[in-house]
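Using the hints provided, position chain B relative to the given structure of chain A.
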Amino acid sequence: MTAADLMLALPEIFVLGMTCIIMLFGLWLPEERQGMISFVSIMTLVFAAIILLGWDDPDPAAVSFAFNATFVRDQMADVLKLSAFIVLAAILVYARQYLRVFKVAMLEYHVLSLFLLLGVMVLISAASMLTVYLGLELIALPSYALVALRRDDQRSTEAAMKYFVLGSLASGLLLYGLSMIYGVTGTLSLAQVANITAMGNNTVLVLGLIFVVIGIAFKLGVVPFHMWVPDVYHGAPAAVTALIGSLPKLAVFAMAIRLLSDGLGNMQMHWMSMLVVLATLSIVVGNLVAIAQSNLKRMLAYSTIGHMGFMLLGLLTGSDQGFSAAMFYAIVYAIMAAGAFGVMILLSQHGVEAEHLDDYKGLSKRSPWLALMMLMLMFSMAGVPVFAGFFAKWLVIQAVIDAGMIWLAILAVIFSVIGAFYYLRVVKLMYFDAPDKDDAISVPADFRAALTLNGSAQLLLGIFANILIGLCVASF
Amino acid sequence: MTAIELVFYLFSTVLTLSALAVITVRNAVYAALFLVLAFFSSAAIWMLLEVEFLAITLVLVYVGAVMVLFLFVVMMLDMNSERVREGFARYLPVGILVALIMAGELMFVIWTKGAEKLPLPPGQSDAGANTALLGERLYTAYLYPFEIAAVILLVGIVAAIALTHTGRNPNTRYQDPSRQVSTRREDRVRIVSMPGAGSKSAEERS
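Protein chains in written order, with this note's numbering: chain A, 1 to 476; chain B, 1001 to 1206.
So here's chain A without its partners, still in its complex pose (with noise of 0.2 Å):
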């Protein structure tokens, strides 16, 4: 190890000495400053990000390993930490007044966050079959604590316990593969297992990839593994639901990357019928079931589950189009489910988790901006031309395309219209249906900021989807 490895992971370093920090600090603030922790927590993602972004690379192409080759910084890992960064922070934005008003453990809350975030970093930029696994569990664990975080609420804590059963069952598969391909190739390294899988396929390097395969797709929520993902989404508290339904699916994008491409990219005719299959599940189950949801939150849920399946499209293609592709529908995905949250977070101001469709009637009544805002995130998430969503599905059926599977593209154009329904659906209650209370809604100043840019930036990320789309292609 030397100064060179420790700048690498400079960001890592400061967000684990700042979450200690404000893990010391929070328990000797009163009552009445709480408040405080968020504003630090905040502050804390903007200086992670001022760290990342002041890291000069000579080239930016370059990939640098550190710690023995367990960790690896590149354009790739870059970009995911920064929009993990900005996808939380807005998120503790949307956070701060809901945990107040439903007693939830304010300082808690902001520490387990930014661990998951720190687990966040660690996938992304995992480069060892150990660091891979680590930065799951540091995921994992952070995240069953928050669902439980309101454990006089019988339905969180019901999914809570629900979400360590099969979670930890998913790591457990996972870790099986893993030791497998560690049987085989003798090495946790994934640039090594690469050079050894290039030589020659194994039967049992075939056996631990399935596994491999299932634990992504535990992790990522697809059909058939998608059980946990409804009533986690449900039960789970909507600021908890927000930060659980966003970030983990950027680093698990990641992680698949980094096991499937760089570990076992030489197996990509066994992984890709894989893919094949748990995505056109998904696509079919998430978008058919959605349309029966009158719970928002399950809703989402299912979209996700449908969400992910197109991630999986780009993912199968194993061309580097494919890939970048699927990198930026992460990233536009993790941006849409955040504001799609917030808005829930902000209609549950009174007390009661504002999650069934019902409360939605005749929003644009009662606050014309935030029926605008939930609109452009609706029209972003069924892919509607010129929002960004529009340009993550593009690109992803572009890629299939060109991969040769034209069935498979067609299959997902027509579910993606079917999907737009349900969509469309919470956009005719906003404006054509009547509301059936009115009680004012009150935003505070950050919160508005916070969710007009979240909502804006659908429009914005599909007008100038250039930048991005650039970002993501200069990253394979």
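Since the hints were made in silico from the structure, they are not lab data. Don't take each hint at face value.
[As the list claims (entries may be wrong)] Residues from chain B that face chain A, not an exhaustive set, calculated with beta carbons under 8 Å: (1) V1007; (2) Y1144; (3) A1149; (4) V1158; (5) A1162.
[Said to hold, decoys possible] Quick list of simulated restraints, FRET-style, between CB atoms: (6) A/T2 to B/F1008: 45 to 53 Å; (7) A/V206 to B/A1065: 39 to 47 Å; (8) A/V206 to B/L1049: 31 to 39 Å; (9) B/I1157 to A/L288: 38 to 46 Å; (10) B/L1134 to A/H356: 38 to 46 Å; (11) A/T2 to B/F1072: 44 to 52 Å; (12) B/N1130 to A/Q192: 20 to 28 Å; (13) B/F1108 to A/Q192: 34 to 42 Å; (14) A/V46 to B/I1157: 55 to 63 Å; (15) B/F1008 to A/M269: 49 to 57 Å; (16) A/E31 to B/Y1091: 50 to 58 Å.
Each residue gets a CB set at the ideal place from its N, CA and C atoms; glycine is no exception.
Positioned in the frame of chain A, the structure of chain B alone reads:
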């Protein structure tokens, strides 16, 4: 018989006997203590193989932490040994079957491999004791994963406290030493003059 063999047989005997005692004694606390003895003897046997790190870990983790916790549980639950033994005869056939299968599998491995093909592991290398080697690897080559594992443990602590701590109960009684020592006589002793009975009796006496 060399001295090492003598020590090996001594500890093996203690290990086997204490393992047997764990499942035969009636008192649950004795059983737990015999398990401690079994762990300790196997640690000593490991020590003979010059794998002192495993031996120390076994003593520290199992004897020091796990078994103490186990003893706590046994003592707190006040187990009724009669009730525990109730289904003994019923489970015996299955238990014997499992034991036979396991013994058979072990035999099979030894027979097919041959005892001479299962050599002693190589002893201490010239590079140094394996604790030192492990430590060196952990703090150099595997520093980063090691630190992340430590963070995961920290998250475990934070999560456990977040999920169980309910805040201070207003009815909790606790001592505040600084208030205790700064107390004055006036706070505690109240002088009550009782003119009635005291003065009367004094008058009567005079």
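Exercise for the section: Any hints from earlier that this structure breaks? Give me their numbers in increasing order, please. Expected result: 1, 10, 14
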